[in-house]
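A.B. asks: So the chains spell out like this:
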Amino acid sequence: MPFSLTPKDQSFYRLFSASAQNLVTATDVLDEFLREHTRRTELADRLRDLEHAGDQSTHAIFRQLNSSFVTPFDREDIYSLASHLDDVMDFVEAAADLVVLTGLGTLPAEMNQQTALLQRAAHITAEAMPRLQTLKDLPDYWIEVNRIENEADKLYRRLLSRLYSGEFEALEVLRLKEVADQLEEAADAFEKVANVVESIAVKES
Amino acid sequence: MPFSLTPKDQSFYRLFSASAQNLVTATDVLDEFLREHTRRTELADRLRDLEHAGDQSTHAIFRQLNSSFVTPFDREDIYSLASHLDDVMDFVEAAADLVVLTGLGTLPAEMNQQTALLQRAAHITAEAMPRLQTLKDLPDYWIEVNRIENEADKLYRRLLSRLYSGEFEALEVLRLKEVADQLEEAADAFEKVANVVESIAVKES
Amino acid sequence: MPFSLTPKDQSFYRLFSASAQNLVTATDVLDEFLREHTRRTELADRLRDLEHAGDQSTHAIFRQLNSSFVTPFDREDIYSLASHLDDVMDFVEAAADLVVLTGLGTLPAEMNQQTALLQRAAHITAEAMPRLQTLKDLPDYWIEVNRIENEADKLYRRLLSRLYSGEFEALEVLRLKEVADQLEEAADAFEKVANVVESIAVKES
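Residue numbers (numbering that gives the first Met the number 0), protein chains in the order written: chain H, 0 to 204; chain W, 0 to 204; chain V, 0 to 204.
Don't take each hint at face value.
Keeping only pairs whose Cα atoms sit at most 20 Å apart, straight-line, the calculated SDA-like set for lysine to any residue is [what the hints assert, rightly or not]: (1) K176(H) / R157(V); (2) K191(W) / K202(V); (3) K202(H) / T70(W); (4) K191(H) / K191(V); (5) K153(W) / F90(W); (6) K135(V) / A125(V); (7) K202(V) / D73(H).
Sample of chain W residues at the chain H side, in silico, Cβ under 7 Å [said to hold, decoys possible]: (8) Q63; (9) N65; (10) L100; (11) A169; (12) L170; (13) R174.
Note that these hints are calculated values from the structure, not bench results. Beta carbons are placed, not taken as given, at the ideal position from N, Cα and C, and that holds for glycine.
Make a model of the complete structure from these sequences and hints.
C.D. replies: Have a look at this one:
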């Protein structure tokens, strides 16, 4: 259990919570983006803004890390946590950008399901971040994220199987796979966030 | 040289050996899988079971790591070693699953050669794991794994060159490349295992 | 600020500088390679030689690391720096090799632009390496590399958008993307080098 923290250290919890909250918004926007064809340009711009906001949070965490003599956890864990949260945002933004860039129209329903899993992962990650302060009630979070990532993996393979079924022509398969891969990587990055939280909790307990 | 170890610590060597032994079995099954078309579903299921068994070993190592005050090597190295061994298994299982998922038939002979290299790497890795206890006679192991990975790299590029030669149509290239990439990543993961072993041996010597 | 270093430690700066200087040469050769079709085989061989020379430098750094009791920075940072410099070389060499292997002819102009960014990144990285000794005047370097990587990212997405525009047939898209991905990964690896330099500078200051 970490002993009483200086006010400065408290800012890490606020910064991680802000970062994760940003992912809740981003995955909700991605869900809208996939369903509403006519608003895609507008919503992709929205995601770009959220990605910039995410970069700001990440750099705020790094600056805080570099200027703190004492940190609530290992520096390396703080760095990893911030980096993996940032990665999720990058993959979510890239998924939408690639849909626009490659001129994709209607997307396979599996991508909406991938996105629903990301929304769920974002939600429970944002709920868990403030609990880093007490390190209580965290196992439910990482177990659930691991379960989500497993489900995302199966869904991704089912999507691959459909992409190669002959339903789509080769260039369309390539386009769709660019997007599917980003969504899959976002799910993996959520799992990496959860792995860091687990390792922090184990070390500090 | 590490000083005398408590019985608890000994379990790490057993767990790493079990993990690597599991890879010997998995790469042998993969070899069978590639050659025997009619048994592919059965053998892919077999690999899925081995992958689950691998996950159990990995988690046993992590639990042991979290509950040990003293560990025979740096915690980070134990974590890396277990993770990279687990990665090999994931790539091997994914290769077979993708063959089934994408409905591939006869595969290029280069994939049998890729698999033969993985079998050899698994074999010498399983032989090396018990030697972590004395840290003796390990250089031959990592030099040979590096050699195998170099050969795997050349083989992978030769396969790519064939895939793009015009012999296959675009969708078939995509399907085959999914599998080839997993086999290549498995070879890379074996090299990462060897790199961790080298770094443990150097630090402890 | 690191205190006075033994002569042995000084060799790290020389080795990193040699490694980065090797990248200046390699990215210049890559630029020539892309523009001069008739000399491609010769220049790809040249890149293979440079990649072997790079491997020698990397192993010299690892050997030096393993035989030094005192190192000017954290061992892990030295290891990361050497590895990421080596990664850049591997991606540059692979890009050229894939052009030859997949029998590509004229390449999209965006690839020349990607390479120009790599040349610039190599140049400022080679200039920065000797400054590791005093840890002075480094922020300009990592800020500029981050800017270059951002530009490379935009360029890569523009190239993807063109690849999927219908201008190229599917197999050609696959071939070109293999190369584009290596160039993009080289830019990412330069950023990872800069991130390690930043983290060294922050810790030692």
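A.B. asks: Take the hints in turn and mark each one as holding or not.
C.D. replies: Do the hints match the structure? See the list:
no.	hint	in the structure
1	K176(H) / R157(V)	holds, 17 Å
2	K191(W) / K202(V)	violated, 27 Å
3	K202(H) / T70(W)	holds, 14 Å
4	K191(H) / K191(V)	holds, 19 Å
5	K153(W) / F90(W)	holds, 19 Å
6	K135(V) / A125(V)	holds, 15 Å
7	K202(V) / D73(H)	holds, 14 Å
8	Q63	violated, 12 Å
9	N65	holds, 5 Å
10	L100	holds, 4 Å
11	A169	holds, 4 Å
12	L170	holds, 5 Å
13	R174	holds, 5 Å
Checked against the numbered hints above, the structure breaks hints 2 and 8 and satisfies the rest.
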